[in-house]
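Enquirer: So the sequence lines, in the order shown, correspond to chains E, X, Z and B.
The end of the first sequence is residue 391 by the working numbering, with every number in the run present.
The end of the second sequence is residue 391 by the working numbering, with every number in the run present.
The end of the third sequence is residue 391 by the working numbering, with every number in the run present.
The end of the fourth sequence is residue 391 by the working numbering, with every number in the run present.
Since the hints were derived computationally from the structure, they do not count as laboratory data.
Incorrect hints may have been included.
No copy is singled out in the list; a pair is fine if it fits within one copy or between any two copies.
As the list claims (entries may be wrong) - SDA-like, lysine to any residue: derived pairs with alpha carbons at most 25 angstroms apart: (1) 137 <-> 86; (2) 137 <-> 84; (3) 384 <-> 72; (4) 384 <-> 160; (5) 280 <-> 299.
In this text, all values refer to a predicted model and were calculated from it rather than measured experimentally.
Protein chains: 4
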Amino acid sequence: MVYATADGTGNERLRVGMVGGGQGAFIGAVHRYAMRLDDRIALVAGALSSDPANAAASAAELGIAPNRAYADYREMARVEAARPDGIEAVVIVTPNHLHAPVATAFLEAGIDVICDKPLSTTVADAEALVALTARLKRKFVVTLNNTGYAMVRQAREMVAAGALGRLVSIHGSYIQDWLTKPIDAEGQKQAEWRTDPARAGQSAVLADIGVHAFNLACFISGRDAEAVAADLFTAVPGRRLDDNAHVLVRWSGGARGTILASQTSPGHDNDLSVRVYGDKAGLEWRGTRPEELRFTPYGEEPRTITRGGAGSFGESRRVSRMPAAHPEGYIEAFANLYRDAAALIGAHRRGQEIDDAHPALVPNVEDGARGVRFVAAAVGSQAKDGAWTNL
Amino acid sequence: MVYATADGTGNERLRVGMVGGGQGAFIGAVHRYAMRLDDRIALVAGALSSDPANAAASAAELGIAPNRAYADYREMARVEAARPDGIEAVVIVTPNHLHAPVATAFLEAGIDVICDKPLSTTVADAEALVALTARLKRKFVVTLNNTGYAMVRQAREMVAAGALGRLVSIHGSYIQDWLTKPIDAEGQKQAEWRTDPARAGQSAVLADIGVHAFNLACFISGRDAEAVAADLFTAVPGRRLDDNAHVLVRWSGGARGTILASQTSPGHDNDLSVRVYGDKAGLEWRGTRPEELRFTPYGEEPRTITRGGAGSFGESRRVSRMPAAHPEGYIEAFANLYRDAAALIGAHRRGQEIDDAHPALVPNVEDGARGVRFVAAAVGSQAKDGAWTNL
Amino acid sequence: MVYATADGTGNERLRVGMVGGGQGAFIGAVHRYAMRLDDRIALVAGALSSDPANAAASAAELGIAPNRAYADYREMARVEAARPDGIEAVVIVTPNHLHAPVATAFLEAGIDVICDKPLSTTVADAEALVALTARLKRKFVVTLNNTGYAMVRQAREMVAAGALGRLVSIHGSYIQDWLTKPIDAEGQKQAEWRTDPARAGQSAVLADIGVHAFNLACFISGRDAEAVAADLFTAVPGRRLDDNAHVLVRWSGGARGTILASQTSPGHDNDLSVRVYGDKAGLEWRGTRPEELRFTPYGEEPRTITRGGAGSFGESRRVSRMPAAHPEGYIEAFANLYRDAAALIGAHRRGQEIDDAHPALVPNVEDGARGVRFVAAAVGSQAKDGAWTNL
Amino acid sequence: MVYATADGTGNERLRVGMVGGGQGAFIGAVHRYAMRLDDRIALVAGALSSDPANAAASAAELGIAPNRAYADYREMARVEAARPDGIEAVVIVTPNHLHAPVATAFLEAGIDVICDKPLSTTVADAEALVALTARLKRKFVVTLNNTGYAMVRQAREMVAAGALGRLVSIHGSYIQDWLTKPIDAEGQKQAEWRTDPARAGQSAVLADIGVHAFNLACFISGRDAEAVAADLFTAVPGRRLDDNAHVLVRWSGGARGTILASQTSPGHDNDLSVRVYGDKAGLEWRGTRPEELRFTPYGEEPRTITRGGAGSFGESRRVSRMPAAHPEGYIEAFANLYRDAAALIGAHRRGQEIDDAHPALVPNVEDGARGVRFVAAAVGSQAKDGAWTNL
């Protein structure tokens, strides 16, 4: 894919705007780091906060021109769609409950979408977005960012290539400790909205981190969940939503497994892992050691495959910026998603064929909807005292 | 506690006999290593095999006098009970289904019992043993041997002392890979009886290793299970019993958790672990690194407590033979159980008070029964499509 | 420090040019990733290759205007110095032997310097650069990039604060395996120049990686080497320079230690570590686990301090972009150096006081010279059969 | 090799006596645990302390008959040599300076020797013992116990089989922290004699732990040291002997390397490791993870070989008592040495050929002498300001 640059001197960047992510927010800044790394994306517009002063100040800090700093995302969609140099994609980094309305506004304005997870807080909204995206023939990327890690993609390739044989069990786990104490009741902003049913949805822990574990397990294994039996609970008295989830899963193709999520487990800052076992081999990936994949063929010595090291495949090498053992991390993985997303959306807008992008590896609206269905099924199982519930 | 030795020169050893554990068996040899380490136990009799030739040859190899090498355990109970120098305790290391009848025979002969896990294959048998032991006022030790590790005892002490605060979640896991292939159908003796409903009981994976994970979680946390919801399954086609178990648990006192057991997960030779989280701290112990305890007070740096190292408490120091970082392992942990059992039984037989033993740390018939109830409840839940089932 | 941006809407970026780093080079691309991350630096000029076609193509790919893509670094220094919007700093990423002449040309043109390590291939050149920089009152940053890691800065702070007590021993080690086979004799370009005395200097392994281990040990410990006794050797027959170095060190302040460097040790892709022991505590940092610091106060439990986690100090938090356990890596550490360098140079050019930068943490020409002296002393010791040699 | 047992019912045990190891000593108890594990050795006599009361009490505690509890080792040698059921071997676990005179007395009495390390405190004594042993055709085992670890033996087999190719570098390291503070000046008995030139020899740290690192590096690599250049120093003011040693080594066959030893490095309870690199592969063994061997063939994924697991060879399987991942530790490794020593000495005394023992794996008087020469050469180098000194 060839980019012609705007200024005639080199390569062209995808023009994007951002909704959410103003001063005081967390994930918006992460998206911006990720956008910058490969210099293929230009952030030129934003409705960065529902607070007008914050929106303006945040835009100025980021070098966004004042006339493209909007106080309202609907206005942004309308004005940008009308500009000849308007944004080609919107990046949505608001609280969960706004994902669906914001995405809908931009899709309808003819602008492609890059949206943080979870896709929405209800299955109905998720399915509406799937349908709208298909009808309008737009691109919709969901930033299930852990899929961007080189060794996660390596793991997916290995499973797909049959290195594990017939899959027997699949386990995902995401464990944190930042909600061990009732900080949501004490005014911590990030904790507050994530445990508020109106903004987070029916489950806090699953919407916030459980969907990452679930979608990553799907991504690596190539399987979907067929049914779940869930035990959701709240460790901190008075908290309005769950902060722990223990979920049994029946996967497509016959494997079984678990998805565990906790935000009240001291000693785990941010511990995401996926383990997959087949009748030939097992593999394990852990987000705190993202450059390593433990691969254990039955009857052979356990081995560690590292990014760029011996045994790493094509895809993990393609997305590497650094040689082996020069650690890449969270931002680089996120940037892998943005690099692919920029290629995907850019080609789509020019009506070109993608030749060097890997669209199958970029989580889309359907992948996002899968996570929403998982959360809903777990909540449903919980309501029926843990009975197996189909997705 | 003072021992007077048989030969008048020093300390006296507890006289024991063994049922099972002849040539070709596995766990019997482990018990013998454990008995020898502290030189407080003498193995003087045995019904080591149901095959008379094997029984005789095995006894000779172990230096057991020919007239105390029995072909039948009932004869052994009768004859030894009548000898003035007869055994004081029997060690039972047969397949699971024989634990209850053998134990019953020796209890009734007035001989104390040291029995491998699981206590029995049915709850009825377990409860009968509990009742019989109480009625006859005998000592009954169940070799849930992982409780013998110094750092496991340290973990128990820390939970009991409140270092973790109010317990929120408790997870046990035991993962192996030796049954990944259908070796039970190909004549491997150890695999064969463990997957045979007639000899192993209703669940293979829970009886063989799941009870270890469960009892260890109980031992460390000081909690018992109140209800379970189970997903048991068989990974290897044609196998007669389950080889994987995913169990949700509601613990006494309000904590939730999981017990996972698998014998078909390549890359895990023998991977037992327990994780406990409270509102003040978490801790994790892993059988492949038995000398370490990961202790994570909320808001402080994670730390590693090692046997004999800084932060280790009284009990872990008491059971240490080596200084810190001179690794002790499986046999030493097993020997800790035997050392305590010998002290416990020896004192009991002399009608003495125990003063230097720690009877609460030696798993007894009630601890064994707890494991049997857990297996039965999980099997019961499975029969009701995973519904929560009380123990 | 306040930036006024070029377009009046926000912040201004430091304008830099690059010498070296064209297509086929390695480290230049790393510098560019690092520059982009925080959006505080604009790469606007370059003499990216001594091959004119490569220079032009590389510049075009990077969006550098054709009239600022130079074929010769002297011309670049002259022309850019004359432009009102000329570069404020040059980034030097050439082979080692060109560092000194290129830096001299730009210093003399009034342009600040950001130079890769080693500063030069001879002590004379290094000392001339120190003198020239002082005379011209210019800023000179040496990208000893591992000093940019958050936990390395944490380690330095801890030593400086006395957490280790009186220092007793200091060890640095950098081990790789990419030169295990004679790839330099087989045309691998990176290996070729690094083992060529004319381009790499008197020692290959020390100039390439040994100086990293040495400077990092200095940076963390706050000590300098006073004398060394060296055993340098070549593992691969026919190689023109050493590929292994075992060096004993006497540090200022009385500590002793070692610096080990190897490029022929299979199993170590890129393994940099520093260990420091005092009479109160020890600490260890390892480049393959850059987010962790093992801290071991005497008589207390060993603990792991992680970036952003409990126990992390001011400086490590200042340079963090991500929360704890969202891994940052090599690029982020490099970017920390660039962020500080941009602040330092920007303020210097405006004659301002630095208020939010940390100039002491940015390695300068004197730090670079220290590394060159270390290499020369080790080579000198080797020439005297390993006799202790002062720096 | 067939044992006929003393009581005619089974196997016969080797009869041994012990010099040193009474109440309050450390290493004697370790030897006794090791002797018991396989039930092939009977401890029947002892001169356990130079203090008669301690000697008698210690013997009684161990079940040694009063008439075989000696107050003087010379008397013990004389009396036991004259008994028809006298000891076949003596175990020497005294402070270092007594090893040579005690061993000499028993050798001359016709009794084989099992002696703790270091063999002696002077090279002259070591060479005299080598000569005496050869002249009297006795067996002399030195308990360089780390050679007993299954994975150490595996490592030796792998090197010998050429798995690493031509050896390039060999590193041994033994790091502790128990002498970080001046406990020797405060009456700690173990610390006192180990830092006393009269009892420990010319170097404390090398005699106590450095010889372990050195001999283990020799054992695994199959190489001997040809020359050393040493930096020995004392971290704790006032201590009479060194507590740290940094030694450069030139190994036979052309490899280079280092031996590091420290007893003042907080955070290392007892950290022994050996790393060996060849032109085909590397391997690393660490005493705190004794069941694992990191094996890194060049250009392939690093792998972990575990005792009993995939990739483990004949010798490591031969000495295993437990299946994979049922951890064996320090005592088991020590017991492997005793099992082989018992077989070796037993056969020798009967004039039989050894058929199931592995005498090459049992460190003998020559291996012990090698360690003494290493210490002496390092002390000699230190006296010449670190000049290379031949062994």
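Enquirer: Work down the list of hints and note, for each, if the structure agrees.
Expert: Do the hints match the structure? See the list:
Taking the closest pair of Cα atoms, residue 137 and residue 86 come within 25 angstroms of each other only inside a single copy of the chain (19 angstroms); across copies the shortest separation is 46 angstroms, beyond that limit. For a Cα distance limit of 25 angstroms, the shortest separation of residue 137 from residue 84 inside one copy, 21 angstroms, qualifies, whereas the shortest one across copies, 48 angstroms, does not. Taking the shortest Cα distances, residue 384 and residue 72 never come within 25 angstroms of each other, neither inside one copy (41 angstroms) nor across copies (53 angstroms). Taking the closest pair of Cα atoms, residue 384 and residue 160 never come within 25 angstroms of each other, the shortest separation being 35 angstroms inside a single copy and 35 angstroms across copies.
With identical chains, the CA atoms of residue 280 and residue 299 are at most 25 angstroms apart both within one copy (9 angstroms) and between copies (23 angstroms).
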